[in-house]
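Asks: Read off the chains here:
2 protein chains.
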Amino acid sequence: MNQWRTLTIAGLGLIGGSFALALREAGFQGRIIGVSSLRSTQAALERGIINQGLPLEEAAVQSDAIYLAQPIEQILETLDRIDPFVRPGTLITDAGSTKRTITDRAARSIKRGRFIGGHPMAGKETRGVEAAEAGLFRGRPYVLTSSDPELEGWILKTGARLVHLDPAGHDQLVALVSHLPQLLSTALAVSLESKTGFERVAGPAALDLTRLALSPYEIWRDIFATNALEIDAALGGFISKLQEIREKLTDPAMEEEFARAAEAARRLRQDRT
Amino acid sequence: MNQWRTLTIAGLGLIGGSFALALREAGFQGRIIGVSSLRSTQAALERGIINQGLPLEEAAVQSDAIYLAQPIEQILETLDRIDPFVRPGTLITDAGSTKRTITDRAARSIKRGRFIGGHPMAGKETRGVEAAEAGLFRGRPYVLTSSDPELEGWILKTGARLVHLDPAGHDQLVALVSHLPQLLSTALAVSLESKTGFERVAGPAALDLTRLALSPYEIWRDIFATNALEIDAALGGFISKLQEIREKLTDPAMEEEFARAAEAARRLRQDRT
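Residue numbers (this note's numbering), protein chains in the order written: chain B, 791 to 1063; chain W, 791 to 1063.
For the record, the hints were derived by calculation from the structure and aren't laboratory data.
It is possible that part of the hints are untrue.
One copy or two, it doesn't matter: identical chains are merged, so the pair holds either way.
Stated by the list, open to error - Under the rule of at most 20 Å between Cα atoms (straight-line distance), these lysine to any residue pairs were calculated in the SDA-like manner:
(1) 1038 to 1026
(2) 914 to 925
(3) 901 to 871
(4) 947 to 993
(5) 947 to 1012
(6) 914 to 1059
(7) 1038 to 1019
(8) 1031 to 984
(9) 985 to 1018
(10) 1038 to 1027
All chains should be built: construct the whole structure from the sequences, respecting the hints.
Replies: Following this line, the structure appears as structure tokens:
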């Protein structure tokens, strides 16, 4: 096992910045190079999140590992141009929210480096490197599409729960546990907005369910573009379930739906912070 | 304006207990009688939430105001039997989650007393008088179906935001802002549960959207029974919106949906704690 001496993080936003902070907190002694916009690079330097800011090509040639924490479209572009600059065997991993399109692209474009798809299931309402925090991954799932001992070791040290999934299995699951909730929240907020006076009576339920509706479209456009089929299937299944519930609303059979739902909700909360 | 010297709270759960605590904190000097199960009455006495526990009829005859914080079905039963025991002009109000069925029943059954429908849009995951807290209503909407200066004065002193709505208008709005979110959460949790491995990758989005799915069916059965038509309409509208979103998932038009949704979500968060 090589030891990472120099790590490049491309994309200094919430995830990239938090990964750097989490690694530092976990004892990472190597150099961290940031590849990002001038504004984010300066902010990351000021907070001591990175040691140095460089263009991608210059960073790649010096790195033992490269972490792509950009929006999905940019990850795909980076994969298309980074390979000639990396040293043979360099680990390249990403933090994109869908995995099939990205791992397919990496299989075509990454020849000298070794690519492992990743997806930390973490986030919060505030964005940008200013919002980065070392504890962001703690207790959260972190999906990898294949194995690497050193990458896995660092991920575990961030406090994340490591989950191995193949890209297709990942995309199917996140369509249900992440992309569907986002669309429900968006659709609910739009439905509320069409009803005069909604904000006068909205209580904790409406606040809970519309928090995700604050998410910026820029992130979601790429997710929809790269996971359309699975999201369509998840939406179709959900619409059927909702139609079924609509038809049996005042039926005693609803008790069973509530029991199943509560059981699932409790299971989600086991061993979580 | 008569001043309440004796207030009866029927149903010492989260809402009833919290209303008593909120009134005490706001300076209510009168006597508070509790009408509830033996277990809840004892717990309320131990916490100093009520001064005394009595059967409904004995409490009613001594009261200037009566607050019904029971489940909806029990509120309807109480309305059917309480009137002969109240003094003429006694204020009777309730905290039920739907208003049309309850105000209709009160119009038929309450002759000596004066009934005003109420609905505090507050709650939390934990139930029972043990979970009661004086601050439960702070910043939350509190709907009344008609006016009474003393009742309104106390409600404002709990920190709630007073909202006047007629019963039908209330039921239509809460179908959208409260009952629809509950059913979305329940349907989502059931959908997740049918997919093996969902709990391995669920992140904050799934946790947010399944919190309501922990709610007990006993409360919701009565809500569905007394607001079925409005909930059906809200579900129908939501299913259409979700179908529309499904069809334009990868369309640039989705940006507009996200913008509208974020605007509604922000509006909900204005002036909230």
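Asks: Which earlier hints can't be squared with this structure?
Replies: Violated: hint 5 alone.
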